[in-house]
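Asker: Quick note on this note's numbering: the sequence shown kicks off at 1 and runs consecutively.
Among the clues, some could well be false.
[Stated by the list, open to error] Cβ-Cβ distance ranges computed for the label pairs, FRET-style: (1) Gly54 <-> Gly18: 23 to 29 Å; (2) Lys56 <-> Ser84: 31 to 37 Å; (3) Ser75 <-> Ser6: 26 to 32 Å; (4) Ser69 <-> Trp41: 18 to 24 Å; (5) Val53 <-> Ser81: 19 to 25 Å.
It should be emphasised that the hints constitute simulated quantities derived from the structure, not laboratory data.
Since the structure is predicted, the reported quantities are computational estimates derived from the model, not experimental observations.
C-beta: ideal position from N, C-alpha, C; glycine also.
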Amino acid sequence: LILTNSLHVVLTLYGATGYDMRAPPWKPACVQDDVTFLGWWGGELMSARALTVGQKQRVVFSRRGQDLSLYVDGSESCKASLDSYTDPSGFVPVSIGAHYIGDQLTKAPFFGKIENTVVKRGSLAPPPALAP
């Protein structure tokens, strides 16, 4: 998960087929406001609106098989589906607040506060309960 310059959360996913990632000015259909990428590519799963500066917000990413969902403050912000996915070898499999190609950090890390990060794997790992 990456935070763009305009404060949109976007999933960058390597090793997937059927998941759309493109260079700007493209943006996914679920995005409802303007996005500033400054070199980042857009991904099919991106928050519908930018996060708010100075406000604590809850972001949840969920993958159930081939179905992906992104929630912001308890509401589904965007969803996408994959045809297939294989964890590519030699890559950092999950990164929050940084961008890697292979095992090399390629962009400056996120300078902010990320709290209470939980990563669960497998069919016994349901997404956390969301407040209404």
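Asker: Hints numbered earlier in the text: which of these fail when held up against the supplied structure?
Answerer: Hints 1, 3, 5 not satisfied by this model.
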